[in-house]
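Number of protein chains: 2
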Amino acid sequence: MQDFTVNPWEVKGKVDYDKLIQQFGTQPITDELRERIRKDAGELHVMLRRKVFFSHRDLESVLKDYEEGKGFFLYTGRAPSLGMHIGHLIPFIFTKWLQERFKVNLYIEITDDEKFMRNPDYSLEDTRKWAYDNILDIIAVGFDPDRTFIFQDTEYIRNMYPLATKVAKKMTFSEVKATFGLDFSSNIGIIFYPALQIVPTMFEKKRCLIPAGIDQDPYWRLQRDIAESLGYFKASQIHSKFLPPLTGIEGKMSSSSPDSAIYLVDDKETVRRKVMKYAFSGGQPTVELHRKLGGNTEIDVPFQWLYYFFEEDDKRIEEIKEEYSSGKLLTGELKQILVDKLNSFLERHRENRERAKELVKDFKYEGKLAKAMWEKVHE
Amino acid sequence: MQDFTVNPWEVKGKVDYDKLIQQFGTQPITDELRERIRKDAGELHVMLRRKVFFSHRDLESVLKDYEEGKGFFLYTGRAPSLGMHIGHLIPFIFTKWLQERFKVNLYIEITDDEKFMRNPDYSLEDTRKWAYDNILDIIAVGFDPDRTFIFQDTEYIRNMYPLATKVAKKMTFSEVKATFGLDFSSNIGIIFYPALQIVPTMFEKKRCLIPAGIDQDPYWRLQRDIAESLGYFKASQIHSKFLPPLTGIEGKMSSSSPDSAIYLVDDKETVRRKVMKYAFSGGQPTVELHRKLGGNTEIDVPFQWLYYFFEEDDKRIEEIKEEYSSGKLLTGELKQILVDKLNSFLERHRENRERAKELVKDFKYEGKLAKAMWEKVHE
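Here the protein sequences come in this chain order: H and W.
Just so we're aligned: 133 in the numbering used here is position 83 of the first sequence, and the numbers increase by one with no gaps anywhere.
Just so we're aligned: 294 in the numbering used here is position 244 of the second sequence, and the numbers increase by one with no gaps anywhere.
Warning: the hint list may mix true and false statements.
Same chains, same label: a pair holds when it works inside one copy or across any pair of copies.
Straight-line Cα separation of at most 25 angstroms, PhoX-like style, residue types lysine-lysine; simulated pairs [stated by the list, open to error]: (1) Lys-421 / Lys-64; (2) Lys-220 / Lys-179; (3) Lys-227 / Lys-62; (4) Lys-426 / Lys-411; (5) Lys-255 / Lys-418; (6) Lys-153 / Lys-120; (7) Lys-302 / Lys-407.
In case anyone wonders, no lab produced these hints; they're calculated from the structure.
Using the sequences provided together with the hints, build the complete structure.
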């Protein structure tokens, strides 16, 4: 009996990640592989040390190509939304580290078309406005403007379409419908969209590495079925676990329940209030009991958030764990640590976001990679 | 009992065009409407006089808009093929007349994408090569380079795609599949394509008139269902009958049986040989019988071709009809009249085609209309 569900539209229950690796047929990131990354990258990102990124497909081949000087490239994307939350930023933060350590090109697809065609309530004008807004948050993460190309489907389509017709010709409605949750009543735009999601994996004749939540894996199986017949590589992937929602350790942070997420625009007071009020605690009901029995870090969301990313110092996170488990650190105190970390992260993010406004044109059109990409038609 | 079939993929049997008007629910071009066209255009094209163009949708509204100074525009297209035959040119010749008389813009879509995605055997490189070749034949018809925009889907997609997503969002797989002959095994590119066929009907906020064979009518019913909800006009149409194949009065000229068609590249001797050998005759088996009984112009393909288009002189075609019916004109003589007409038409066409090479850049990119269209994104 299975007590969790993971697919591209839904993450439910307490996910057993070892089981998921078996189910999806992906590979675990073993200690050995982790060491190889450390050697190649010169260090290990906190999300690798803590096994937030825990699974992969063909990552060894990517590292081999890197080690042999053949190189690789990174690809990720974003379906624009009204506002991004902390969870949305996780893969970008990790991707930025990969780019920095491996000095590789990164392509970021902004799917303003898909978001519009998927949702009856949104206009194309909405999703393009959100695209601009989300791009600022993405740029704020700190990518290399000469090695990063951020493109919106509705703008870059001309350069992608010839190759998209070749990709599309290899995928029948039957093949895409299950993976993308389509049926007879789906509109014909959203049926075509999978081709546009696959094209960027073929932007270079090198291996493409996609960092993403493991729930996205099924999308790339289609790509892996057809890539080689078109003369490209099967997409490699590195998969993350899900940052738990504030309100409990199960599922995945979601925009549809605002109290469960910290938004990038949340001000200091909102962050404090949300964490204090909604963050699910592994602590005991009273101070007395807590001092006596200690908290449970396994189910404590503030601890998990610190562990996933917000407390990067390995020694310090161990201290926190010990002090909380032993009852020395109270729930309110642990929450305050997270509040401070979140607020200083968000403050820095918002400063970067302000500066990002000047950089949009570089990432989209005028940076070294962007410029080269606009001159290139993918066929 | 129905002894003919007409749909976008097949024309079979001897078409009863009056019945077809009822079946498709289109309107006949009445004497009254024809007179109105004559008044507006200053003359009547031979294909209108001879009722080759015989049916329409909303043509009155187009003429009303023209008469009131609101104007309209023309739209037609071509799925590129290895070589065009005479039948392919008929709608272009008529469209050229419409443009000349009404001084309106004309958009010609070259569906290199659709042709490629529809046919397992073709590469995109094939269909784009044919696109260039077919464009020469189209330009040779003599369109106004400042009022005509010829565009290939794979090139102009960026300017069409935002509006295409809006069109696509309004059409489900269920709705397009019957009309376009799609099913579960259709590829996802060809499923999306109907959106790209509809977008050009919305290139201007004026009525769009589409001259085409009546077999194409079903494609535009989808457009008529959704156009107004997007703030555009339902597409108007003017429908032609089918130029019969050389080999018999039934069906439609087809590239799949080369003997039944005269290709634009066929040299004088090939034309003579094909007409003499394959053209289906309404004459009698022997000269003696023919002199006595006369020929049947109703089923005689050489006569029908002369009547459709190649003998524009109304007095002369009546003479030929009478002489053939009375037995004065023999089958071989009638065929020779057609051979001479075809060869002089093709000679002129090929001269124009040579000159067309210099004009491609104007029709596609640099002409007055083309230039304006490249600066415009349809949203």
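So, going through the hints one by one against the coordinates:
| no. | hint | verdict |
| --- | --- | --- |
| 1 | Lys-421 / Lys-64 | neither (45 angstroms within a copy, 58 angstroms between copies) |
| 2 | Lys-220 / Lys-179 | between (33 angstroms within a copy, 21 angstroms between copies) |
| 3 | Lys-227 / Lys-62 | within (22 angstroms within a copy, 35 angstroms between copies) |
| 4 | Lys-426 / Lys-411 | both (18 angstroms within a copy, 21 angstroms between copies) |
| 5 | Lys-255 / Lys-418 | within (19 angstroms within a copy, 39 angstroms between copies) |
| 6 | Lys-153 / Lys-120 | within (13 angstroms within a copy, 58 angstroms between copies) |
| 7 | Lys-302 / Lys-407 | neither (30 angstroms within a copy, 60 angstroms between copies) |
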